[in-house]
Amino acid sequence: MDAFLMQYIDPYFLRILVLIGINIILALGLNITTGVTGQLSMGHAGFMSLGAYTSAILSLQFSAPFWAALLCGALVAAFFGFLIGIPTLRLEGDYLAMVTIGFAEIVRVFFLNFEPGGKAVGLSGIPQNTTFGIVLLLVIIVIFFNARLLKSRLGRSMYAIRENEIAAEACGVNITRIKVLAFTIGASLGGLGGALYAHYMFFIRPQDFAFMQSIELLNMVILGGMGSIPGTILGAVILTIAPELLRIVAEYRLLFYGALLVLLMIFRPNGLLGDVRIYDLRKRWINKEVNV
Amino acid sequence: MLLELKHISQEFGGLRALDEVNLAVNEGQIYGLIGPNGAGKTTLFNIITGIYQPAEGEVYFQGRKINGNPPHLVARMGIGRTFQNIRLFAKLSVLDNVRVGSHAVTHGGLFGSILGLPAVRREEKQTLQRAQALLEMVALQEKRQEYAENLSYGEQRRLEIARALALQPALLLLDEPAAGMNATEKQELMSLIHHIQKEMNLTILLVEHDMNLVMNICERIAVLDYGRKIADGSPEQVKNDERVIQSYLGAPA
Chain A
1 MDAFLMQYID PYFLRILVLI GINIILALGL NITTGVTGQL SMGHAGFMSL
51 GAYTSAILSL QFSAPFWAAL LCGALVAAFF GFLIGIPTLR LEGDYLAMVT
101 IGFAEIVRVF FLNFEPGGKA VGLSGIPQNT TFGIVLLLVI IVIFFNARLL
151 KSRLGRSMYA IRENEIAAEA CGVNITRIKV LAFTIGASLG GLGGALYAHY
201 MFFIRPQDFA FMQSIELLNM VILGGMGSIP GTILGAVILT IAPELLRIVA
251 EYRLLFYGAL LVLLMIFRPN GLLGDVRIYD LRKRWINKEV NV
Chain B
1 MLLELKHISQ EFGGLRALDE VNLAVNEGQI YGLIGPNGAG KTTLFNIITG
51 IYQPAEGEVY FQGRKINGNP PHLVARMGIG RTFQNIRLFA KLSVLDNVRV
101 GSHAVTHGGL FGSILGLPAV RREEKQTLQR AQALLEMVAL QEKRQEYAEN
151 LSYGEQRRLE IARALALQPA LLLLDEPAAG MNATEKQELM SLIHHIQKEM
201 NLTILLVEHD MNLVMNICER IAVLDYGRKI ADGSPEQVKN DERVIQSYLG
251 APA
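Sequence lines, in order, name chains A and B.
Heads up: the first sequence at position 170 corresponds to 170 in my numbering, and the numbers run straight through without jumps.
Heads up: the second sequence at position 127 corresponds to 127 in my numbering, and the numbers run straight through without jumps.
Pulled out of the complex, with its shape left as it was, chain B reads as follows (with noise of 0.2 Å):
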């Protein structure tokens, strides 16, 4: 198992967000994580990547407890993400901006930066080059010296799968990488989304809306609702969950 919550709970002035939530996603797994709005989604990812501390319950990532540590720890674990409301750095190149996603596994120091010592100029050289085949495959690679701030919306969804592929993860978090796409760029993703799963072997736990999106590319569902996990199996178990039908697909017309 790679990654697993155990009775994750979490608090915000009273609201309960997360009333004790467990997950377990196997490694090579594409796990989808749906619900309503405000169902605690982005709070969990928020967790696991260390940016809130549950108020109660462990976050077990290759067996290790991670809870606890600063979001950059978390990184360098091997945990890449995207976020949901886009969070590029605007004002630097689509290169650059996954050449920062490599900050996780590279080591430049000051003195080797400024003195140009063979070692560094040798990891800025392979940084170069996996962030150009990054944005190779994400289809960016023309668009390299672009600000990031001047790319459309779904480019800008691409870029964030680059920068957070560039730490090298064995788990990659995708906040709602769909949103605000167009049908061919949704199609797209589906298949960059599964090229990268199998190409780096990665495990991939994404939240998004897109039904069509979630039940075609997941193997396994979770389903929250105010926190609770209601459901959580196959697509077809979950499509056909009375709750699930209830509090979120809503019932056939």
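The shape of chain A in the complex, shown without the other chains (with noise of 0.2 Å):
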């Protein structure tokens, strides 16, 4: 399929779409966490470290078939999501921040003095396997099932606990459950991400997956809309696309988005799209008909 675009895409179109479909995956994993259950997760980048390299490692020492790396990616993740769960979450707002930013951290120390993940210099030759076609295919496949969770019980449950705890446990939700539930599969998304990154780039070093990284993800979150999967969508393309038309001003990034960033808490402090529904656009617009 690739190879079918590249007659009619340039290839660093195409190197930009895949990046934007890898940080969707990416950002719907954060979006669960922080966006739907309200747990202000600022380590999104460790989970993705512990994806890229395990999935690398197994590629490279294993030769490992391109699944089972992208699955034990995202398993190794998910296991961390859940262990870090449950400690972290008697902890609220600042403090679960420190903390998984604290594990972020640790887990690019560890990888810095790694042996099979190649120390500092990190790990090149990981095969290219990922493609646009699989990116765009599991990127199909992690929103509907988004979607599908995020309608369910269990979607709604999330979205309850980050709106008010306490009547969330009145309704019977097992909060403590539902936010490590809400780790995990954030955390999961976030190894199948950083394992697709690592089959993209070729190469990946420890600081690939450092603080800022875990604030741009956090920041393609919190741009398009906390909890909705469309904003978030939207967040990442903006926000993948946006260092790419700034290449010029190279250093400056940091000053774009802290601008962006402050403009938007002051005109749409929900996020682009975080409290937009079809049904309040339609209801709009029905108004404007009658008004008219």
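The set of hints was computed from the structure by calculation and includes no laboratory data.
Among the hints, erroneous ones may be present.
As the list claims (entries may be wrong) - Here are some chain A residues pointing at chain B (derived, C-beta under 8 Å):
no.: 1; residue: G102
no.: 2; residue: F103
no.: 3; residue: R153
no.: 4; residue: A167
no.: 5; residue: A168
no.: 6; residue: A170
no.: 7; residue: G172
no.: 8; residue: V173
As the list claims (entries may be wrong) - Which chain A residues stay away from chain B? Per the calculated CB distances, all over 12 Å, these:
no.: 9; residue: A64
no.: 10; residue: I166
no.: 11; residue: L245
Each residue gets a CB set at the ideal place from its N, CA and C atoms; glycine is no exception.
Assembling the complex is the task here: the two chains are given apart, and the hints tell you how they should meet.
Written out as structure tokens, the structure is:
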């Protein structure tokens, strides 16, 4: 499929499309933890890193098939998401953010000293198995399952926890269980995204998954709209393209991010699509017609 | 006896919020709990629902001791509640608020949900139908798509009742359901409470400051003052109780 597309699409654009797809998967994972369930995670890159390294090592050392490397990357990340979920979920807000930052740092420092991971040099020569076709397929699957989950009983209880924990408990929601579940699912998508990333970039280093990467993923969720699937996708698209457009002022990219977030908080505190629903749009549209 | 509190005491940093409170609520009763602000009424609700653990005493529900259980398990046993300071899921639709209420009585798990298994779909359909029936009952069916935060105060209180009913409780705890309502809304609320009590074979324990409402719908009333139960009986008995008049109702002018 990629070879076919290459005839029509510039490889540079194809590359951006693949990165958009990977970022959508990563951001949708974080959206479940932070956007939907309201548990501020600032260490999503840690899960991404676990998925990337696990899958890369499996591919390089054990010549594992690509799908197995992806699956293991996601599972290892999910396992750590579950593990970190248990103690941290007794914490809230700022405290949880601190612990997740700490977790991602521990993962980074671990790989910085991990012999099979190539230490600071990283791993190179990872087979470039991630193609546009595979990313597209996985994005569609992830969006589909995400939408199913968020519309289900469990998805509703996740939103309920974000909105009001005490009321959610009074409805019979086991808060701890749902939070750990949200963390695990979010982490598994982080791991999947990381594994795709590793097999696309050909080369990974611990710095690729540093704090700024976590923040960028968080920005996608916040920009698009916490808890909204279309919003998160939009956020991932915008924030993947933006640095490309701002290549000329590369050093000032952070300045741009900062300004963007400030403007967003002023004009759209719930994110671009955070509280936009078809129902409201239709109602507004109908009301407008009546006024005319 | 559906609910029985035995010698419940609670302290908050030296303040005795509840002192040896006993209460027995029979099946099918509408039981009122009144008293001045700070008397410990909401604290008592929080103890029944497992938010607080009592310093002393026991809570029995359907003959089982329930204190020590976390709130979500108490809810699953069949105790629904509303909150004095409304606690809706503001950024969820009215319909979804009620559907979350069904959480305790449904089972759909992760894989069943994302794979869309028939059992889960059937359950979702039932959840939806039940939620719509409840919204019909509290007259919010037309607003089912609105965000809960966009409802009026009285509507929000009714939505809380619908959400609590969605877990098909045997016991419903209403914490100041009429607060902030106007006279018409209060009238409607009274008939709603009567209606759900009969229709769903419910037992209701309610905290309320509106004496007209309490005297009208409660079969039995307990009065708390400074954490102590100072009276317990029929509305007539309570109305004429010397201590209740002194500490709460006030002498007729």
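Hint by hint, here is what the structure shows:
Because the closest C-beta pair between G102 of chain A and chain B is about 28 Å apart, greater than 8 Å, the hint is violated. The closest approach between the C-beta of F103 of chain A and any C-beta of chain B is roughly 23 Å, which is over the 8 Å cut-off, so the hint fails. Hint status for R153 of chain A: holds, given a least beta-carbon distance of 4 Å to chain B, under 8 Å. Among the interface hints, the one on A167 of chain A holds; its C-beta lies about 4 Å from the nearest C-beta in chain B, closer than the 8 Å criterion.
The interface hint given for A168 of chain A holds, since its Cβ lies 7 Å from the closest Cβ of chain B, which is under the 8 Å cut-off. Against a cut-off of 8 Å between C-beta atoms, the interface hint on A170 of chain A holds, since the closest Cβ of chain B lies about 5 Å away. Proximity of G172 of chain A to chain B holds as hinted, the smallest CB-CB distance being about 3 Å (cut-off 8 Å). At about 5 Å, the closest approach between the beta carbon of V173 of chain A and any beta carbon in chain B falls short of 8 Å, and the interface hint on this residue holds.
A cut-off of 12 Å between C-beta atoms confirms that A64 of chain A is not in contact with chain B; the least separation is 25 Å. Not every C-beta of chain B lies more than 12 Å from that of I166 of chain A, the closest at about 6 Å, which undercuts listing it as non-interface. Every CB of chain B is more than 12 Å from the CB of L245 of chain A (nearest about 32 Å), matching its label as outside the interface.
Comparing the model with each numbered hint stated earlier shows that hints 1, 2 and 10 do not hold.
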